[in-house]
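Line by line, the protein sequences give chains A and B. Residue numbers for the first sequence follow the working numbering, so the first one is 1 and each next one is one higher. Residue numbers for the second sequence follow the working numbering, so the first one is 1 and each next one is one higher.
Mixed in with the good hints there might be a few duds.
Copies of the same chain look alike in the list, so a pair counts if it works inside one copy or between any two.
[What the hints assert, rightly or not] In silico lysine-lysine, DSSO-like type, Cα no more than 27 Å apart, as pairs:
#1 117 x 182
#2 391 x 787
#3 475 x 648
#4 4 x 78
#5 472 x 676
#6 475 x 639
#7 246 x 117
#8 265 x 820
#9 695 x 117
Since the hints were derived computationally from the structure, they do not count as laboratory data. As the structure is a prediction and not an experimental result, all values here were calculated from the model.
There are 2 protein chains.
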Amino acid sequence: MSQKWVYEFAEGSKDMKGLLGGKGANLAEMTNLGLPVPPGFTITTEACNTYLATGGFPEGLMDQVREALDSLESKMGKTLGDVNDPLLVSVRSGSKFSMPGMMDTVLNLGLNDESVKGLAAQTENERFAQDSYRRFIQMFGKIVMDIDGEKFEELLDEAKKAIGTEADTDLTAQDLSELVLKFKALYASETGSDFPQDPADQLSLAIKAVFESWNNNRARVYRRREKISDDLGTAVNVQSMVFGNKGEDSGTGVAFTRNPATGEKGHYGDYLPNAQGEDVVSGSRNAHPLTFLEERHPDCYSRLIEIMGILEGHYRDMCDIEFTVEQGTLWMLQTRVGKRTAVAALRLAVEFETEGAIDKKEAVGRVDPHALDQLLHPQFDPDADFEIIAKGMNASPGAAVGAVVFTSAAAVEAAEDGREVVLVRRMTDPDDLPGMIAANGILTSAGGKTSHAAVVSRGMGKPCVCGAEAIKIGKDSFSVGDVVVNEGDVISIDGSTGIVVLGAVPTKEPELSPEFRTVLGWADEYRRMGVWANADTPEDALRARDFGAEGIGLCRTEHMFLGERLPIIQRFILAESDLDEEAALGDLLEVQRDDFVGIFEAMDGLPVTIRLLDPPLHEFLPHREDLRIEMAELESAGKKDSDEYREKERFSRATLEWEEANPMLGLRGCRLGLYKPGLYTMQVRAIIEAAVIRKKAGGDPRVEIMVPLVVMAEELQRLRKEIVATATTVMSAEGVEVDYTVGTMIEVPRAALTAGEVAQDADFFSFGTNDLTQTAWAFSRDDVEAKLIPHYMESGLLTRNPFETVDPAGVGRLVEIAVKEGREAKAGLKIGVCGEHGGDPESITFFEGAGLDYVSCSPFRVPVARLAAAQASIGLGGDATR
Amino acid sequence: MSQKWVYEFAEGSKDMKGLLGGKGANLAEMTNLGLPVPPGFTITTEACNTYLATGGFPEGLMDQVREALDSLESKMGKTLGDVNDPLLVSVRSGSKFSMPGMMDTVLNLGLNDESVKGLAAQTENERFAQDSYRRFIQMFGKIVMDIDGEKFEELLDEAKKAIGTEADTDLTAQDLSELVLKFKALYASETGSDFPQDPADQLSLAIKAVFESWNNNRARVYRRREKISDDLGTAVNVQSMVFGNKGEDSGTGVAFTRNPATGEKGHYGDYLPNAQGEDVVSGSRNAHPLTFLEERHPDCYSRLIEIMGILEGHYRDMCDIEFTVEQGTLWMLQTRVGKRTAVAALRLAVEFETEGAIDKKEAVGRVDPHALDQLLHPQFDPDADFEIIAKGMNASPGAAVGAVVFTSAAAVEAAEDGREVVLVRRMTDPDDLPGMIAANGILTSAGGKTSHAAVVSRGMGKPCVCGAEAIKIGKDSFSVGDVVVNEGDVISIDGSTGIVVLGAVPTKEPELSPEFRTVLGWADEYRRMGVWANADTPEDALRARDFGAEGIGLCRTEHMFLGERLPIIQRFILAESDLDEEAALGDLLEVQRDDFVGIFEAMDGLPVTIRLLDPPLHEFLPHREDLRIEMAELESAGKKDSDEYREKERFSRATLEWEEANPMLGLRGCRLGLYKPGLYTMQVRAIIEAAVIRKKAGGDPRVEIMVPLVVMAEELQRLRKEIVATATTVMSAEGVEVDYTVGTMIEVPRAALTAGEVAQDADFFSFGTNDLTQTAWAFSRDDVEAKLIPHYMESGLLTRNPFETVDPAGVGRLVEIAVKEGREAKAGLKIGVCGEHGGDPESITFFEGAGLDYVSCSPFRVPVARLAAAQASIGLGGDATR
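Just chain A, with the same shape it has in the complex:
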């Protein structure tokens, strides 16, 4: 006996989405609930997959289809192709996950030169019958036989022109009947065979077409974007047709059981009289609210409301419904759990819980963590009209409006004058920080989602669109195609979507609903992992704490060397004697200590993980290229003897000493700490002194000192000794004991591979998965994210950007090795992650599985991470595997 390839609707259920697709499973469920569903059957996704693998129908499929059709015909009392009262069916695709408009549908199947007469007789409407037949040939020709749709449209236009009209509705039954002949002729000339008159042939060709539509280009691209696996396949639903276009007593509609935009209670939908479903979806005619149905067909309406109640009660969630009224009779064509905005998702979760439909755990699982992010930032007003001039990557969410500036200095100047600006640069680097702080938003033409601009913007919660490659930046203008945008022109960017608009778009401020806090509160009850934040300033720390962060997992200290402090670190680098070096370090100590006091105060009672200096020294120097050009200019101006020239020469020499071919793999992190020991000693001194100050003031500083870029246990061992020595000296001088721990980042493959040794001297591990991804993949984020990763995604080599979602087979395996071997060497070793992945829901699911103790992310991602960690704990998290 062959496999079961075909299920009548009554044989399925909503839990069989994998086999029957979403549409088929829900049609089955409604059928079994006794709701008025036009009868039909579903061909399984397995049949599709077998067809796609072998190129032919699986054995037994068409026999089972014939049996199901027989059953359908006897149920309906009609026969496909019948000359008197033909059965017509729709053939629709339906995969496990909704892919609206991506695959193919054929309506009115069963019509032929004979049955069209039966349809006319039955409906007493010759025009309707001819129009249905014409539409069927057109749809079948285009979709099943791949004939260019334009050719049918041309014939239709000719027919209309012949009678001097522009409206389809002016075509008479006769006109349409002639059009049918022309369509059939077109069909024959394009395919080399006549339009199939046997409904069995029509059906078999249509099933094939639906199967094959799984692999059409549109569908592939859509799946890639939505991260849907290519091997799910589609089911095929064959269902008896009902017609909403049989006159004013017919119609079609869509409805939600609650408001999908706000989550508000109450029915919500559109109804279009005398129309088919396609007309509603295409929006070609203005729809009426559901009250229209209530007025015209109160019986239908009350039955619909009753059914919506049944469905919501049954699905325990807001449902999305498609229905048709055929001459006063209500038919249900589709239902599913409805899509919703983040605002609605939160409200629905809370209200269904209050109503007792679901428990708190299920409520926590009902909200998509990705969607939360948009609630925390201003958005373009959804009612605003605007024209997009470019699209980049959605690097840091939120909308920003301001006048274009091209330099950090101009941004700072504008901010001082109270002007609002958007900073536009090819890429940013640490020099641009003051400008980034001053600007409302940042737009770059190069670099990816983990470029400097993106990472820093996310950290600040500042909108950023990056890698908008169409933008060509000049000295005081940028151009996109023909559009030239000058310095001072106002633009708007939306970092949630990557959109760039010329002119000011009105924005909407975010509102944190009470439901938001309720759902996150529930999430906290279920979550195992801690959620910490990456924050470098007291302001960021406070914001993170407000969002629920339970500690700081990454406090970068390099930003504390920039701005007005840059000259001090430059003095350190250019120092020509130990004395000069020590003097510069002394000045740095003063300012660093104040920074730390502020952060410890903001996070009083919670752990603060301070990473010792990480970037290479040349990041604190001017660009060598610029220096050389400036020197060349001074030289040609005869100013080679000036102090200015000599100053630049000193800097140029320093850049030569410190510049690197691959800074990512160079003299930075703990290497610099070991090479220039004074730096780390100064930082540890500042940290411990700050903690002492806080303790003396009655505070409760929780200090965690983190050593970056360790690749050998020996490095950490040496530095730990030095850190402890410095801390001990400070504490005994001050007469105050401070509890502190010393840990390390695991951000290079070798550190993960030797984690057992590294753990000996570590109180904690924190995975730096950005750098771990860069090194494990040999992917410099600055270099591959703008060009290579998009290329790989488009061509299907990559389904996820490994900088957004942790790669389980490579980086994830290193994480697992390090967790296992680190804890084998030191039981209970505290382990977290502070890379960008710490705020990504699918990665959080992975980290839950790997047994991490906490994730740390930018302050604005904290709510997302709290929810994602809870979903991971209760086994409802998104999956990071490809």
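Fit chain B to the supplied structure of chain A, relying on the hints for placement.
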């Protein structure tokens, strides 16, 4: 009962070097052979390690010393400190591995104010006794009590000045006796206590001093350099003194049982009458050949010759001997297997095998593979005098002499004029290749042993000294301290030692002895792994084949795009239409095909692994910085409208498009092959067409196509399909079948971690351990080798440069994972290594253990690798663990 800490000489053997040190073990062996060894005993290295760990003598040690001393006294019939006939002893360090001059020795121990009289009486030489006492106090004070030796020397100088002489020998017994008083006073004032009169105290302090000398700075540095572990500890040998300085019937000497420089048969040594061992070693007096002893003391001489025969027969190797003649009696003070030159090592191995003393396997184990390298390159004449002006890294062995040039173009010009030059640059890059080919040698002031200059030079077998940081390079001169070397001045460099000399040093051409070929032939019989070579040209391939390479493991194709072909690849990069791009590719196809024909011909019948293009495109463009400066100069010269300016502008735009922040982790390797598919298709076409040409000519090309920088199985899968499609097209067009395989480099951690998947589409793996080290360690070789690695080595964080010897815990673990999982996925998968480590003996031992099929190295390293692979096979290879 406490542990046995002390062994009398008769209790030990030569196989106990770990416990007794080399000296102690060999003294024991000679004692047991019945040779005349002054009696004594050895304190074990374990006692030393216990002392160093606890800071005190281990329990029972001094009791055992007392017992051994009792036994010694009764054997000698003398007593330590005896007023009539005192026993005197030497106390010498001796560790497992010879560390000449690194640790401490105390002679004449046992002398005090009383026993000095006994010594005078016994020797009937008051002056000798007083001089011995004075020397003992001086040596004891300096070495055991750490008194500044200069202070003793000053007192000695004063004594000589007082009697108006400059020679020690003019001091009378009386003078010396007074000096003893002054030395004792100095001792007391410096240490705060009197010079110890009790010989037991003297001995216990001396033992402590020897123990502690294990950790003195000199010894630590030496061990680091020689890769000797810090935890071995030293033994202490206490031996009754014999005196070679008792008059003309006494003397001391060193001898080798064969010539250690050439391996020639026959005795070889120096003899110094009336002297102590220290005098021979210090070279303060001219020594006589052994024939001098034969003339003066024929009995002693014939006994010595007899003993040398016994030792060589016993050790089955050339021995190195120290002996003393005391008043006509011969004493053996030390023996060991003698150090030898590479030439001698080969000759000795062959001759001992011929003589039947050892078998071929042992002979193969007798030659240090590291030493072979020097035989393959010209050397500075060892008899030449010269002054070193700078030292860099010994990047590529061999000596080179030539006039200094600073640009590639100047080198090429000089070569065309027949002038010999050394190319001096800060670092080299691919643009410098023509100059590197034209020069006799290369000297750089930056970059490490795996910098571009080093790697390319080694590949060409061209001498290179790199990273000579003391050298400051200007426009047409360089300076080292005060020395200024102008363009055109002649310098000499020795790439085997890293030495730079001003002026021409005479050099010696290498001679390949028949023994060289014999030993390598034997090695081939024992070796399991294949030895292939990295070669990019037919010339290199032929040389490699001559050195015994069994295939090419890495043929880099990027060098084929340089020199006069550079404009073609630049046309490709700058192409503004597909047509331009295809035209450039067409031209590249022509030249590449010819290259491959030549290489296949040179390696006919042997596998040739061709790596598809690896470097990023910007390596083929001028430096952006230079372009910008040239453009600025043109602009200020009012030439902004010139073609030259526009040309530079085009290049500048291209560099902007292709430049990268971290090229090592950027758009290169197979990424470029996927991003710009035409490139790889062209290369595969050229390869297969070349193979077809060779086949048509009756040749036997063995083609292996290697895809670089794979990080995901999907990349290889996609490219393999494209490669096969191209190859199939070419073969069917030509009507010739070519066997070829498609494999991949494993050079990024993720590739190793997903090797099971990658293996699906790979016929072979080849580890690129250079890049694997760079990525696994986050060590950019260009950036860390000159500064960081030396710093880490000096400070003891690293004991080996991971770019020279593969790091077992990190990179090695990735290799093991990839081998295991690759072969699990595909049984019998061929796996090799083509990184620099393929020519490093310790790494080769690791690869043998990991189960690799072959190693591939630069042609000049092939003999080294053949020998090292054989030693690894028979379990005699050097160890890569730290």
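Hint check results:
no. : hint      : result
1   : 117 x 182 : within (18 Å within a copy, 137 Å between copies)
2   : 391 x 787 : within (15 Å within a copy, 43 Å between copies)
3   : 475 x 648 : both (23 Å within a copy, 19 Å between copies)
4   : 4 x 78    : within (25 Å within a copy, 106 Å between copies)
5   : 472 x 676 : between (41 Å within a copy, 23 Å between copies)
6   : 475 x 639 : both (25 Å within a copy, 20 Å between copies)
7   : 246 x 117 : within (16 Å within a copy, 138 Å between copies)
8   : 265 x 820 : neither (49 Å within a copy, 60 Å between copies)
9   : 695 x 117 : neither (93 Å within a copy, 72 Å between copies)
Against the hints set out earlier in the document, violations occur for numbers 8 and 9.
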